[in-house]
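**Q** Each protein sequence line maps, in turn, to chains A and B.
Take the first sequence: its position 318, counting from 1, is numbered 318 in the working numbering, and each next residue is one higher.
Take the second sequence: its position 382, counting from 1, is numbered 382 in the working numbering, and each next residue is one higher.
Since the hints were made in silico from the structure, they are not lab data.
One should not assume that every hint holds.
In silico contact screen, one side only, chain A against chain B (beta carbon under 7 Å); selected entries [claimed, not checked]: (1) 227; (2) 240; (3) 243; (4) 319.
Sample of chain A residues facing chain B (criterion: CB under 10 Å; computed from the structure) [stated by the list, open to error]: (5) 64; (6) 231; (7) 244; (8) 317; (9) 320.
We put the beta carbon where it would ideally sit given N, CA and C, even for glycine.
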Amino acid sequence: MMKLPAPRNPMAAYLLTRLRQCVITLILVSVVVFAGIRALPGDPALALAGEERSPEALAAIRAEYGLDDNIVIQYGRFVGHALTGDLGTSSRTGLPVSDAIAEALPVTLELAALSLLFAVVLGIGAGVVAAVRRGRPEEWLANAVALLGLSVPTFWLGIVLVLGFAIAVPVFAASGYVPFGTDPLDNLRRMVLPAVVLGSGLAAVVMRQTRAAMLDSLSADYIRTARAKGLSRREVIGGHALRNSLVTVVTVLGLQLGHLISGAVVTEQIFVLPGFGKLTIDAVFTRDYATLQGVVLCTSAAYILINLLVDVAYSAIDPRIRLGGAAR
Amino acid sequence: MSTPDAPETPDTTAGVPAGAATAAAVAPDAPVLSVRDLSVSFRSGDRTVHAVDHLSYDLAAGEVLAVVGESGCGKSVAAMAVMGLLPPTAGITGSIRLAGRELAGAGDKELGRVRGKDIAMIFQEPMTSLNPVLTVGRQIGEVLRRHQGLTKKQARARAVELLDLVGIPAPRQRIDEYPHQLSGGMRQRVMIAVAVACDPAVLIADEPTTALDVTVQAGILEVLQSLRERLGTAVVLITHDLGVVADIADRVLVMYAGRPVEQAPVHELFEGPRHPYTRGLLGAVLRPGVVAGRGVAAGPGAVLEPGVAAAPGAALRPAGKRRLPEIPGLVPSLDEQPDACTFAPRCAFADDQCTSGRPGFKAVAADVGADAAHRAACWHPHDVALQRINQEAGQ
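Can you build the whole structure from these sequences, using the hints too?
**A** Structure follows, in C-alpha cells:
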C-alpha cells in the first residue's frame, strides 16, 4: 500500500487508494474493449448498409460513423463521449446506446440482486447448518442440494422450474418483464424463477464455502473461549464463528459475482427478459459496435465496482485488513 | 492449607469490585470445587484412551492448587472436563461439584449459566484464544451482558475497569482495539479480564504463561496472584513449570499418565516428595547457577534439588559437569488401565507389589514428618523418603 501522510481515518485512506486503482483499471479496460472490438472480423459498414452495398454507400457510412479515422482518434472520440455519458448511437436501432443501456440495466441489476439475495440467504444458511450439524442428515441434505445446484445446467433448471411453478402450479410467471415501479407484485412474480435459476449455482458455491469456513472457525481456540464464557450456542455460532467465516464467503462471492453477470445472459434468454444479456447478444449478432462497446464497458465497470465493494466488505468484517498490520 | 511465603505482589491495579467472598457462599470450610473419581476416556476406532483415571481433589476458597505433570498426563483434559468443554465424544465419569452443584453430566444450557460466571478458564494460547474480528471491549463486555445483564454502556464501563484491574495501561484506548493490536502478554491479560469479569469462585489457568516470554510470564503470574488476594478467587493452575509452582501455589497435585500420584502442600512437596515420579520431576529442573544431580529414581547417589523458592540455600552444589537428570523410560500408553502402578516400569523402587496392584492415593504416614494433607499413590513412599534422608546425611 502507498505511504500516506498519517491519515486520520485509516479506512478513508484505504478507500482512496483503492479508488485510484479502480480508475487505472477502468482506463485499461476501455483500451482493451475498444481494441478488442475493432479486432473482430466483419465490417460494420457492411452490416449497416443492408441491401445497398455499393462502394459509395459503404464509404458514406464509414464517413458518417468515423470508421475511416485513425484508430487513436477513434479511441479518443470514444473516451471523450463516454465521459459525458454519450456512448454513441446504435447502428442497429439508430437510438443512443446510453438509452438502451439505461433501459436494460435495471432489469439485469434486479435479476442479479435477487439472485445474490437468494444465493446468500440459502448458501450461508445451509452452510452454517451443514457445519453445525456435521455428520447428521441435515449435512447430507445440504451437501446433496449443493451438488445438484452445481451440476444442473442453468437452461435445464429453468425449463423444469417453468414447467413446475409457472405451468403445472402457476404461482410464478414464465416470461416477460414488468418494471418494479409499475407493479411490484407482478414484477416479483416474473423475477423469482429467473433469480432462482441464476442464483442456484452461486448458492451451492456459497454453501460449500460457508460450511468449510464454519468448520474451520468452530474448531478455533476463540470458540473454546466463547464457550468457556458461558455464551449460548446461538451467540457462539452467530456472533463468533460466522463472523470469522464471512471473510472467506465474501471472497468467494466477489469472485462468483462475475459469473452471475455472464450467467444473466443465458437466464435472460430463457425467461425473455429485456436485460443486458439480451442487449449484448443482439449487439453481437448485428455487429453493433457502439452498443457492444457500451455494454462491455458497463459490465467491466460493474466488475470493478463489485471488487471494490468486496474489498470494503472485507475490511468491515476483518479489522486486520482495515487497520493494517499482521498479528504481532 | 499452608500459606506460601511468596513475595507480596505490589498493588499496581485499581477498581477492585466488591464481592470477593462469592466463594464462601456455602460454608466457610467447604471446598468450592470438589472433584471425585473423575475419569475421562476417548474412543477412537477400537481403542479407548484413558486420558484421566480416577482423579480427585478439593479446592478451598482462595486457594491456589497447582496441577503439574508432563505433556499428555491428563492435566488439561481434566480441566476441560471440569469446564464441560470436552467434545461429546469424551466419556466422563465421576463427580465435579462446584459450590455444591454437580457439573458432571450437566447439559450445555445449564453449564452455560455457570461457565464464565462461577467458574472461568484461561488458556495456554493467548494469540489465538481471542476472536480476531471483535474488539477487546466487546469480548469482555459480552460475558458481563450474558451473566450480569448489563447494558452495552455499563458493560463497556466495567470492561475498562477490568482492563485496569489486570494491569493494561490506557484501558480507555485499548478497549476499542482488536486482538492483533495487542502483544501476547496483553492478550493474556485480556483473557484474564474476561475470566474474572463476573468474579468467579474458581479460575482454571491452563498453562497461562507457557506461550509467553519469560519477562512477560512474571507479569501474568503477578496479576493472577493479586486477583487471588483481592478477589479471593481460587485458582487451579495447570503448569509444568515448577518455578511457577514454587512461586504462587499453596498446594500441588502431581499427575502421571492420567492418574494422580502425589498431592501435598507446596513446601512439603519440594522438601519431601514421596512419589519417585515427583522426585524425578523435581530433579529434572534446570536452574541457573545450580549444577544438576544425576537421575533420582534411576539409581543410587542421586541428589534431589529442592525448589529454588522453597529453599534457595540448599540448592548449591559444588561445580562440576553433570548431566541434568532424567527419568528413564517412556510414559506408558494410555490405552490400558493396568491394575498396577503406571510408573513401575520406570521406577528404581518397583517390586512385585508395584506391578501387581494399583496403589491407593493415600495419606502418607506421619512417621517421617509428613503433613496429613500429603497423599501419594505409591507402595513405597517411606523408602523414597528414607533414601532422600540418607543421601542428605551422607553429603
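**Q** It remains to establish, for every hint, whether it holds in the given structure.
**A** To see whether the hints hold, each was checked on the structure:
| no. | hint | verdict |
| --- | --- | --- |
| 1 | 227 | holds, 6 Å |
| 2 | 240 | holds, 5 Å |
| 3 | 243 | holds, 5 Å |
| 4 | 319 | holds, 4 Å |
| 5 | 64 | violated, 59 Å |
| 6 | 231 | holds, 6 Å |
| 7 | 244 | holds, 6 Å |
| 8 | 317 | holds, 6 Å |
| 9 | 320 | holds, 5 Å |
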